[in-house]
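Protein chains in written order, with the numbering used here: chain Z, 11 to 336; chain S, 9 to 338.
You may find that some hints are simply not true.
Claimed, not checked - Computed list of lysine-lysine pairs in BS3-like fashion (alpha-carbon distance at most 30 Å, straight line):
(1) S/168 with S/200
(2) S/219 with Z/49
(3) S/261 with S/288
(4) S/86 with S/39
(5) S/225 with S/140
(6) Z/332 with Z/190
(7) Z/49 with S/292
(8) S/15 with S/200
(9) S/323 with Z/259
(10) S/261 with S/86
(11) Z/57 with S/168
(12) Z/57 with S/235
(13) S/200 with S/138
(14) S/261 with S/225
(15) S/140 with Z/57
(16) S/95 with S/323
(17) S/39 with S/95
(18) S/288 with S/219
(19) S/86 with S/14
(20) Z/190 with Z/57
(21) Z/57 with S/138
(22) S/168 with S/140
(23) Z/49 with S/140
(24) S/219 with S/200
Keep in mind the hints are simulated off the structure, nothing from the lab.
In case you want the letters, here they are:
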Amino acid sequence: MAEIMFWEAIRRAHDEEMTRDPLVICMGEDIGVAGGTYKATQGLYDKYGAERVIDTPISENGYTGLGIGAAFLGVRPVIEIMSVNFAWLAMDQIFNSAAKVRYMSGGQLTAPVVVRSPGGTAHQLGAQHSARMEKVFMGVAGLRVVTPSNPRQAYGLLKSAIRCDDPVFINEHELMYNMKGEVPDEEFFHPLEGSEVSREGRDVTLFGYNISVHWALQAAEVLAKQHGIDAEVIDLYCLAPLDREGIRKSVSKTHRAVIIEEAEAPVGVGSEVMAIINEECFFELDAPPVRVSAENVPIPYNHGMEKAAIPNPQDVVKAVLKMFGK
Amino acid sequence: MDTADKKRLLREMLFARRFEERCYEAYVERKIGGFLHLYPGQEACCFGVMEAARPGHDYVITGYRDHVHAIKCGTDPKAVMAELFGKETGCSKGRGGSMHIFDVEHHFMGGYALVGGPFPLAAGMAKAIKMKGGDEISICFLGDAANNQGTFHESLNMAKVWNLPVLYVCENNLYGIGTRIDRSTAVIDQYKRVAGYDIPAAQADGQDIEKVYDAAKIAVDHVRSGKGPYFLELMTYRYRGHSMSDSNAYRAKDEERMWSGRDPIILLRDKLIEAGVITKDDYKAMDTEVLEQIENDVIAFAEDSPEPKVSELDKYMFADNDPYVRGGQR
Numbered sequence: 011m012a013e014i015m016f017w018e019a020i021r022r023a024h025d026e027e028m029t030r031d032p033l034v035i036c037m038g039e040d041i042g043v044a045g046g047t048y049k050a051t052q053g054l055y056d057k058y059g060a061e062r063v064i065d066t067p068i069s070e071n072g073y074t075g076l077g078i079g080a081a082f083l084g085v086r087p088v089i090e091i092m093s094v095n096f097a098w099l100a101m102d103q104i105f106n107s108a109a110k111v112r113y114m115s116g117g118q119l120t121a122p123v124v125v126r127s128p129g130g131t132a133h134q135l136g137a138q139h140s141a142r143m144e145k146v147f148m149g150v151a152g153l154r155v156v157t158p159s160n161p162r163q164a165y166g167l168l169k170s171a172i173r174c175d176d177p178v179f180i181n182e183h184e185l186m187y188n189m190k191g192e193v194p195d196e197e198f199f200h201p202l203e204g205s206e207v208s209r210e211g212r213d214v215t216l217f218g219y220n221i222s223v224h225w226a227l228q229a230a231e232v233l234a235k236q237h238g239i240d241a242e243v244i245d246l247y248c249l250a251p252l253d254r255e256g257i258r259k260s261v262s263k264t265h266r267a268v269i270i271e272e273a274e275a276p277v278g279v280g281s282e283v284m285a286i287i288n289e290e291c292f293f294e295l296d297a298p299p300v301r302v303s304a305e306n307v308p309i310p311y312n313h314g315m316e317k318a319a320i321p322n323p324q325d326v327v328k329a330v331l332k333m334f335g336k
Numbered sequence: 009m010d011t012a013d014k015k016r017l018l019r020e021m022l023f024a025r026r027f028e029e030r031c032y033e034a035y036v037e038r039k040i041g042g043f044l045h046l047y048p049g050q051e052a053c054c055f056g057v058m059e060a061a062r063p064g065h066d067y068v069i070t071g072y073r074d075h076v077h078a079i080k081c082g083t084d085p086k087a088v089m090a091e092l093f094g095k096e097t098g099c100s101k102g103r104g105g106s107m108h109i110f111d112v113e114h115h116f117m118g119g120y121a122l123v124g125g126p127f128p129l130a131a132g133m134a135k136a137i138k139m140k141g142g143d144e145i146s147i148c149f150l151g152d153a154a155n156n157q158g159t160f161h162e163s164l165n166m167a168k169v170w171n172l173p174v175l176y177v178c179e180n181n182l183y184g185i186g187t188r189i190d191r192s193t194a195v196i197d198q199y200k201r202v203a204g205y206d207i208p209a210a211q212a213d214g215q216d217i218e219k220v221y222d223a224a225k226i227a228v229d230h231v232r233s234g235k236g237p238y239f240l241e242l243m244t245y246r247y248r249g250h251s252m253s254d255s256n257a258y259r260a261k262d263e264e265r266m267w268s269g270r271d272p273i274i275l276l277r278d279k280l281i282e283a284g285v286i287t288k289d290d291y292k293a294m295d296t297e298v299l300e301q302i303e304n305d306v307i308a309f310a311e312d313s314p315e316p317k318v319s320e321l322d323k324y325m326f327a328d329n330d331p332y333v334r335g336g337q338r
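Starting from the given sequences, assemble the full structure and let the hints guide the process.
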């Protein structure tokens, strides 16, 4: 098992799938000759050529629609949208075409397309480059939404997403491409549904996804060492459909839940997980569930303000201590 | 097109006209719900272009005025009417409706309700054709008003950059919903807008099927021969409102009368009568036969078909038992 970087894991998944199936292509802005803004397609242009590693014009809705149309006829496009903020422009095609075509054609036509895009607040990129949009994608019927928290998931989720017959949106994070982690040397496919126990615990469940899994794990260490609270961390790598059973199981064990999201609270992952807890295991709760979310503002440029706008592991610790009356 | 072809096309267009008129009645009878966009007046566009192409072989995609395009590709009119009635036997299993007719078997890749949505989808199908090395072409039928969407420009640009086998057919009926083209669009001749993408483009009379066919032949040959995209504008007119909810109060009576005098079916009928190919009585008999087929065959089938089961509400949302959802077949 080798330790590789997040971007290398994505690149490896692309490479293996493109070697196996000549109909797998990748497309996006600067992904070919330039090698990709986050290196996720580095070297693939030289290996597979311009017909399969496509540098697109800056036309997000156009090239996403083109990928979807190609998928109608059996091509398997992996579309990189350079920043999730630009994916707003492609929502028409992702939502109206890819997510609905199987249903509205009575199962005749499928759009097996993968759209990958990094969101999140990075380093002072300002309001229009710091969006966290997973909440928008997960609310649309017909679309699968996954979000890797480590290189192993980044590799395995992309492998499965490419082969799955449904459209899949992969929510990545701008700050995570250089994160290192172990990825098995042999090929594997990560499930596109479900959730993962990242840390077992008895006292409280911390729900995270993507970057917030790491905040939850850091908080859990502090809670264990300094406060004697044994937190369980659940990695919600699949945001649509959310793992109702996994959520129920953990909360039924710990009887307490904190949901950690980098995005603003309204209409988000936290509110959705809370609703599921209400529906599945309300009477198991010893305390009202709590969200640790971003402030509901556009992300400011100023570094101090930017940091204040999004949550961090200390916020998670505080929320848990408050829940325990400490 | 020889004489037999023209006679066949006259019947096909007449069938399309009567089919759409019967849809109107069924809508009034509340057998058809939702939005209903009808095609009368524009028949020569679809039939002329597809006659020059290969229906059922070439991939066709369009907007929401889609019943007739599907039928010309080979979709059973019974399945189209059943779809409009929302029945399980409909071509989209009653899940699509008027604006979402699909028949993948006949390469009719759908009707889409977002104006301009099919432009990039058509380019994508062309990309797939090119990758797979087939001799099909991708044909996208849309109206003039769709050209004011960004997808028009984005798609033409990509189609040219990547030399894709796609034919864009613009049925210019002079209105975007209820707004006349000169009030919404800087240039009335849509083919001129394509010059910015270095794509060959032409304009033809969309009411005379022979002229449509001649122009389409050049267009289809260009695209199929690997020379890249082509844009064909057909000047036409719809005789009904944009949809059934349209008061049709925005058009001048003189204009409507002028275009009524250029009815594509009447133009072809009169040519064939003048040439001695058919008589007026032949045409009447053809019309009677068409009406009977629609009533006894098409409507009866739609009426008698079962409703989809409400218990199957979430069927077709995702692929059935896709192994990769569970992490593959390990």
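Go through the numbered hints given earlier and state which of them the structure violates, listing their numbers in rising order. 2, 6, 7, 8, 10, 14
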